[in-house]
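These protein sequence lines are chains A, B and C, in that order.
With the first letter of the first sequence counted as 1, position 140 gets the number 140 in my numbering; the numbers rise by one all the way through.
To convert a position in the second sequence, counted from 1, into my numbering, add 193.
To convert a position in the third sequence, counted from 1, into my numbering, add 760.
The hints are simulated quantities; they were obtained by calculation from the structure and are not laboratory data.
One or more hints might be untrue.
Claimed, not checked - In silico DSS-like pairs for lysine-lysine, Cα to Cα no more than 30 Å straight-line:
(1) Lys481(B) to Lys804(C)
(2) Lys388(B) to Lys216(B)
(3) Lys161(A) to Lys21(A)
(4) Lys481(B) to Lys388(B)
(5) Lys216(B) to Lys695(B)
(6) Lys481(B) to Lys824(C)
(7) Lys111(A) to Lys161(A)
(8) Lys216(B) to Lys621(B)
(9) Lys21(A) to Lys216(B)
(10) Lys697(B) to Lys621(B)
(11) Lys21(A) to Lys95(A)
(12) Lys695(B) to Lys621(B)
(13) Lys208(B) to Lys697(B)
(14) Lys216(B) to Lys697(B)
(15) Lys216(B) to Lys481(B)
(16) Lys92(A) to Lys21(A)
(17) Lys388(B) to Lys6(A)
(18) Lys6(A) to Lys208(B)
(19) Lys388(B) to Lys824(C)
(20) Lys824(C) to Lys804(C)
(21) Lys111(A) to Lys92(A)
(22) Lys6(A) to Lys21(A)
(23) Lys21(A) to Lys388(B)
(24) Lys208(B) to Lys695(B)
(25) Lys804(C) to Lys621(B)
(26) Lys6(A) to Lys697(B)
(27) Lys481(B) to Lys21(A)
(28) Lys161(A) to Lys95(A)
(29) Lys216(B) to Lys618(B)
(30) Lys618(B) to Lys804(C)
(31) Lys111(A) to Lys95(A)
Claimed, not checked - The following residues of chain B were derived to be distant from chain C, with all beta-carbon distances above 10 Å:
(32) Gly234
(33) Lys327
(34) Gly332
(35) Phe495
(36) Thr670
Backbone N, C-alpha and C define an ideal beta-carbon position, used for all residues, glycine too.
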Amino acid sequence: MSTSAKPLANTRSGTGIVSAKLITWWVIASEIVIFGGLLAAYVMHRIGHPEWADSASHTLTWAGAFNTFVLLTSSLCAVLAHQAADAHDGPKAAKLLRLTSLGGLIFLIVKGYEWSVDIHEGFVISSGGFWSFYYTLAGLHGLHVLAGMIIMLIVASDAAKNQELQRVECIGLYWHFVDIVWIFLFPLLYIAR
Amino acid sequence: MSADLQHHEPGIFQKYFWSTDHKMIARQYLFTGMAMALIGGFFAYVFRMQLGFPNHAVPGYGIVTPARYNALVTMHGSIMIFWVAMPVLIAAFGNFLIPLMVGCDDMAFPRINRLSYQIFLLSALVLLSSFLVKGGPFGGAWTAYPPLSASGAYNLTPIGATLWLVAVALEFVAFLLGGINFTVTAMNSRAPGMKMYDVPIVVWMIVLASVIFMASAGPLIAGAVMLLFDQTMATGFYDPTRGGDPLLWEHLFWFFGHPEVYVVLLPAMGIVAEIIAVFARKKIFGYKTVLYTTWAVGFLSFVVWAHHQFVAGIDPRMANIFSITTLLISVPVTEMVFLYVATLYGGSIHLDTPMLWALAFIAEFMIGGVTGIFLGSSGTDIYLHDTYFLIAHFHYTFVPIAIIAVFGGLTFWYPKMFGRMLNEKLGKIHFWGTVIPFNVIFIPLFITGIAGDQRRIYNYALFAEQARPPLQHLRTTATVALLVMLSFQLVFLYNFFTSLGKGKEAGPNPWRSATLEWTIPSPPPHGNFVEMPTVYRGPYEYGLPGHPEDFVAQNVPDSALVGEVEA
Amino acid sequence: MLERYLSAASTYAHWIDYQFILIAVIVGFWLIAAEGMMFWLIFKFRARDGRPTQYITGEEPHLKRWISIPHYLIIVCDIVILAGAITVWYQIKQVMPPADAGAVVRIIGQQWAWSFQQPGPDGVLDTADDIRSVGELHVAVNTTYHFELMSRDVIHSFSVPAFRLKQDGLPGRTISGWFRPNRVGTYDIQCTQMCGIGHALMAGRIIVETPQDHAAWMLRNSNSTVAQQQAPASPAAANATTMAEVRR
Ligand code: HEA
Ligand code: HEA
Ligand code: CUA
Ligand SMILES: [Cu+2]
Chain A
1 MSTSAKPLAN
11 TRSGTGIVSA
21 KLITWWVIAS
31 EIVIFGGLLA
41 AYVMHRIGHP
51 EWADSASHTL
61 TWAGAFNTFV
71 LLTSSLCAVL
81 AHQAADAHDG
91 PKAAKLLRLT
101 SLGGLIFLIV
111 KGYEWSVDIH
121 EGFVISSGGF
131 WSFYYTLAGL
141 HGLHVLAGMI
151 IMLIVASDAA
161 KNQELQRVEC
171 IGLYWHFVDI
181 VWIFLFPLLY
191 IAR
Chain B
194 MSADLQHHEP
204 GIFQKYFWST
214 DHKMIARQYL
224 FTGMAMALIG
234 GFFAYVFRMQ
244 LGFPNHAVPG
254 YGIVTPARYN
264 ALVTMHGSIM
274 IFWVAMPVLI
284 AAFGNFLIPL
294 MVGCDDMAFP
304 RINRLSYQIF
314 LLSALVLLSS
324 FLVKGGPFGG
334 AWTAYPPLSA
344 SGAYNLTPIG
354 ATLWLVAVAL
364 EFVAFLLGGI
374 NFTVTAMNSR
384 APGMKMYDVP
394 IVVWMIVLAS
404 VIFMASAGPL
414 IAGAVMLLFD
424 QTMATGFYDP
434 TRGGDPLLWE
444 HLFWFFGHPE
454 VYVVLLPAMG
464 IVAEIIAVFA
474 RKKIFGYKTV
484 LYTTWAVGFL
494 SFVVWAHHQF
504 VAGIDPRMAN
514 IFSITTLLIS
524 VPVTEMVFLY
534 VATLYGGSIH
544 LDTPMLWALA
554 FIAEFMIGGV
564 TGIFLGSSGT
574 DIYLHDTYFL
584 IAHFHYTFVP
594 IAIIAVFGGL
604 TFWYPKMFGR
614 MLNEKLGKIH
624 FWGTVIPFNV
634 IFIPLFITGI
644 AGDQRRIYNY
654 ALFAEQARPP
664 LQHLRTTATV
674 ALLVMLSFQL
684 VFLYNFFTSL
694 GKGKEAGPNP
704 WRSATLEWTI
714 PSPPPHGNFV
724 EMPTVYRGPY
734 EYGLPGHPED
744 FVAQNVPDSA
754 LVGEVEA
Chain C
761 MLERYLSAAS
771 TYAHWIDYQF
781 ILIAVIVGFW
791 LIAAEGMMFW
801 LIFKFRARDG
811 RPTQYITGEE
821 PHLKRWISIP
831 HYLIIVCDIV
841 ILAGAITVWY
851 QIKQVMPPAD
861 AGAVVRIIGQ
871 QWAWSFQQPG
881 PDGVLDTADD
891 IRSVGELHVA
901 VNTTYHFELM
911 SRDVIHSFSV
921 PAFRLKQDGL
931 PGRTISGWFR
941 PNRVGTYDIQ
951 CTQMCGIGHA
961 LMAGRIIVET
971 PQDHAAWMLR
981 NSNSTVAQQQ
991 APASPAAANA
1001 TTMAEVRR
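Could you put together the complete structure from these sequences and hints?
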């Protein structure tokens, strides 16, 4: 069965939003409730345990801040990639997408460095309530960064051939979502006292 | 037209395991769900035999130890909900019906659809594999409350507990993918002319169920990650000695768990609506009102969860709020049921097998529903919580949903799925042989519940009040009735499999139904519609005055109608 | 109604039973009405040759009434049920009538037994004359008790069906409640929360005694020197009962 041929169902658009974009929004919606559940649980616990602020003070705030900057910059690249795709400039979009995933890579490297510092100081996932949430939230977010990067590279390789350009916008939307999750995580994990 | 039509003949593997065709994926879900139903039913047989005839070796199983009993109950509950009700009601019917009923050739994202089934199959295998590991399968109930579920030292099934959790999480991922696909397909891929209120109720219901699932499952997925880390990485999310809180899991679980019961209820309601309309030859009484009540149920289902936790140690003042919302949700559900009953008014009711199942669904579900009121009333729930009254309540909802409505849907769409008719006589024998014993199983259990039988007990010998002989008689009665019910399932299986080859040819529209799936050959060809349909009217135009036929299909243009009337 | 199936041995057992009957009457009426209506319609409108079906959308006012009137009536019924439910709940779970002197009991659940700690003759918990027992709880009739429920390991649920009493006990929390037995006798204690492989073995007995019997039991069992001075019972016997209470 051919994989390139699309069913008619895929090309229709009863809502006026193309299906690829619609499904991206639904995926993001279902991710929001996952992160929402975890974040709500964390915030409730954090309010109940003021002493967690001590643990939080051991996080590397500068690394978190730097990563925030990296992600924001990469999101900008994703926007530019979308513009390029709209202008039907596939190769340019691909280049910008690769740049975006480079941002993701830097993010993960910094994250890895941070975690190794934390672990050397003796703070592992089982070191207490705060650390459990810290590693779980950041870990789940990191996985999303990784998944986003992989998908982005696949989309980029298609885009370079001027194929499936509508996907550039979708992966960009997803990347903004990952970015926004981090914007919530950074203050809640690193700064809140 | 889809380029897929000029496909080369696929191999067996390609056709049955790697297909992206929604009809094949529907069958995969259906047969997997049926196999799991037999497993879940077998477990019910084993533990009911232990309850009916305590400490006798169960034929086909052996002695049921306390640990095994717990594991069987846990697996029965988990399998029936997550691997029978969900895949059959939502995935099998959703996959089969949505593209056909909205008039397109496939799901909007066929490969995501295939992936969804594959993850689902994997989840079922992971679950079943827990029977092979050291310690056996998880026995801490389908609700898996920590700290019991979080620590192998407490539950004594460290591997089984993790496998259960991973299986449930995978199943969720499968249904998120599937549900998103359903939603996008129903929103975007409808035939030209099919407006929001021309969509058949069953499609609405499956899509809304998917949306409710999506909105409620997220927090539990987060909760499952935390539980997994508690099990495997020594975190303390649910461990009070380390700053965690076991009640957090209960909230996350029921925030999902309660909407989940409506996630399975809605598709069943949808199936029943289709059947009633066809066999009463009637428009659904108040199509829009049905949808409004569904939205109300969907919304309210998110604010009732703590009625499962009245006596769980939550702030007692909260119980009042949740008691109010719980009784409130009974209003739209009641209204929905009444609308279905009202649909019968003025009809011309044909009692074929699918209609018998649909009517039995309503009759039985009402009993399950009203007993929910006793539980929703916080005062009485103090006593009834976790007794067999509760067990009987939810079997009077789940069995109508996952067994009765499913049989209704299967007998109704069987001709469309397989191109042949089921045997009507065997169908009726199976119907009575299922519905009568069902009541004989669970009415006695209401009584043992009122008499104080608590759930998840393998043997009541230690409880003097519960060990009284009259109660044991009731338990034995229930077990015997289950044996009868199970034996009648053989009739169904025989009918199902022999009719595949020997049944009467169905033709495109054996029930003279007005929705789009009946305008094409049975079974539908690859690509479904030879000529893509355009929709001109609602799905339930039965008995339209001044029209010679007693129904008008959705794709009949108004011009053709006028012509006929004049002719 | 419930008493036909299980005796009622606490003051609030009857409140719950009355609420149960109230609901049974209200929803019973609706259930019978709805089922009756349905079967009547099935019979009345069974397919017959030459009788066409009617084209009804459900928007017709004179027919819509058949849905909207029940709709409002059900809301009224719900309010009645709720009023009862919340009253009963409030009395049982939200307020604590003052306990009689010395009538407190600490209930501890653990895999898989209930243990109890009651004050001895001094009437105060956590003193040397406390009475500890496993699997068996002795209380005096017509006495209002307060309990403190806790758990050592996983979640358990302390349930005395004859009292219509049920409350989960969680590790890390102490949950208080009350009960007032009003009938002498021996009743079951259940654990109603799945707590591991021994969940079904976590049975206990609650023995409701006359005040005299209860006082005598207390003297026999209080194992402190204080108590022994007041009532010189054989120390060996006292120790034997406290330690070796039934572990089922
Ligand atoms: C799909 C399944 C399903 C459905 C549809 C329902 C529907 C309802 N359920 Fe049920 N429920 C379960 C499955 C379901 N439930 C399960 C599985 C559990 C236990 C889980 C566990 O612990 O393992 C449970 C547990 C449960 C509890 C917790 C009890 C406890 O743990 O102590 C409560 C309490 O409020 C409750 C209430 C209700 C109510 C009010 C409805 C309402 O939606 C019902 C509304 C319907 C009607 C009311 C019937 C039609 C109306 C009439 C005939 C008119 C008369 C009506 C009135 C006058 C109001 N259910
Ligand atoms: C959809 C949900 C569902 C269904 C259908 C059933 C069906 C049945 N259940 Fe189950 N049950 C649960 C969900 C369900 N149950 C849950 C959630 C629990 C709680 C678990 C826990 O405490 O953790 C539970 C617990 C439970 C208990 C309590 C155990 C205890 O607490 O100690 C009992 C006791 O009798 C019981 C009995 C039965 C019986 C006799 C049936 C019979 O109706 C079964 C008959 C079986 C069949 C009829 C299958 C035949 C199938 C075919 C022929 C294939 C047909 C194909 C399709 C249907 C697609 N169940
Ligand atoms: Cu303790 Cu069940
Ligand atoms: Cu519920």
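We went through each hint and held it up to the structure:
For the hint linking Lys481(B) to Lys804(C), the alpha-carbon distance of about 26 Å falls within 30 Å, and the restraint holds. At roughly 24 Å between alpha-carbon atoms, Lys388(B) and Lys216(B) fall within 30 Å of each other, so this suggested pair holds. Proposed proximity of Lys161(A) and Lys21(A) is supported: the alpha carbons are some 21 Å apart, at most 30 Å. For the hint linking Lys481(B) to Lys388(B), the alpha-carbon distance of about 13 Å falls within 30 Å, and the restraint holds.
For the proposed pair Lys216(B) and Lys695(B), the alpha carbon gap of about 21 Å is at most 30 Å, so the pair holds. As the CA atoms of Lys481(B) and Lys824(C) are separated by approximately 12 Å, the hinted pair is consistent with the 30 Å bound. For the suggested pair Lys111(A) and Lys161(A), the alpha carbons sit about 33 Å apart, so the restraint of at most 30 Å is broken. For the proposed pair Lys216(B) and Lys621(B), the alpha carbon gap of about 27 Å is at most 30 Å, so the pair holds.
At most 30 Å may separate the alpha-carbon atoms for a hinted pair to count; Lys21(A) and Lys216(B) meet this at roughly 25 Å. Pair hint Lys697(B) plus Lys621(B) holds up; C-alpha atoms about 17 Å apart against a cutoff of 30 Å. Among the hinted pairs, Lys21(A) with Lys95(A) is consistent with the structure: their alpha-carbon atoms are about 22 Å apart, no more than 30 Å. Distance check on the hinted pair: Lys695(B) and Lys621(B) sit about 18 Å apart at the alpha-carbon level, within 30 Å; holds.
With a C-alpha separation of about 25 Å, the suggested pair Lys208(B) and Lys697(B) falls inside the 30 Å cut-off, and the hint holds. Restraint check for Lys216(B) and Lys697(B): satisfied, since their Cα atoms lie roughly 21 Å apart, inside the 30 Å limit. For the hint linking Lys216(B) to Lys481(B), the alpha-carbon distance of about 29 Å falls within 30 Å, and the restraint holds. Distance hint between Lys92(A) and Lys21(A) is fulfilled; the C-alpha atoms sit about 21 Å from each other, no more than 30 Å.
In summary, the hint linking Lys388(B) to Lys6(A) is supported, as the alpha carbons are separated by about 24 Å, within the 30 Å threshold. Distance hint between Lys6(A) and Lys208(B) is fulfilled; the C-alpha atoms sit about 18 Å from each other, no more than 30 Å. At roughly 24 Å between alpha-carbon atoms, Lys388(B) and Lys824(C) fall within 30 Å of each other, so this suggested pair holds. For the proposed pair Lys824(C) and Lys804(C), the alpha carbon gap of about 19 Å is at most 30 Å, so the pair holds.
With a C-alpha separation of about 29 Å, the suggested pair Lys111(A) and Lys92(A) falls inside the 30 Å cut-off, and the hint holds. Taken as a hint, the Lys6(A) and Lys21(A) pair is honoured in the structure, with Cα atoms around 16 Å apart against an allowance of 30 Å. With a CA separation close to 21 Å, the supplied pair Lys21(A) and Lys388(B) stays within the 30 Å bound. About 23 Å separates the Cα atoms of Lys208(B) and Lys695(B), which keeps this hinted pair within 30 Å; it holds.
With a C-alpha separation of about 22 Å, the suggested pairing of Lys804(C) with Lys621(B) holds against the 30 Å cut-off. Distance restraint check for Lys6(A) and Lys697(B): the Cα-Cα separation of roughly 35 Å exceeds the 30 Å cut-off, and the hinted pair is therefore not satisfied. Note on Lys481(B) and Lys21(A): the hinted pairing holds, with a Cα-Cα distance of about 29 Å set against a maximum of 30 Å. Straight-line distance between C-alpha atoms of Lys161(A) and Lys95(A) comes to about 12 Å, which keeps the hinted pair within the 30 Å bound.
Simply put, Lys216(B) and Lys618(B) have alpha-carbon atoms about 27 Å apart, close enough for the 30 Å limit, and the pair holds. Only pairs whose Cα atoms come within 30 Å are accepted, and Lys618(B) paired with Lys804(C) is accepted, the gap being roughly 24 Å. Of the supplied pair hints, the one linking Lys111(A) and Lys95(A) holds, its CA atoms being roughly 24 Å apart against a limit of 30 Å. No Cβ of chain C approaches the Cβ of Gly234(B) within 10 Å, the least distance being about 22 Å, so the stated non-interface status holds.
At the 10 Å boundary, the C-beta of Lys327(B) stays outside the reach of chain C, the nearest C-beta of that chain being 15 Å off. Distance check for Gly332(B) against chain C: the nearest CB is about 7 Å away, which does not clear 10 Å, and the non-interface claim fails. With a cut of 10 Å on Cβ distances, Phe495(B) stays outside the contact zone with chain C, its closest approach being about 19 Å. Taking the minimum C-beta to C-beta distance to chain C, about 15 Å, the non-interface status of Thr670(B) holds against the 10 Å cut.
Consistency note: the structure conflicts with the earlier hints numbered 7, 26 and 34.
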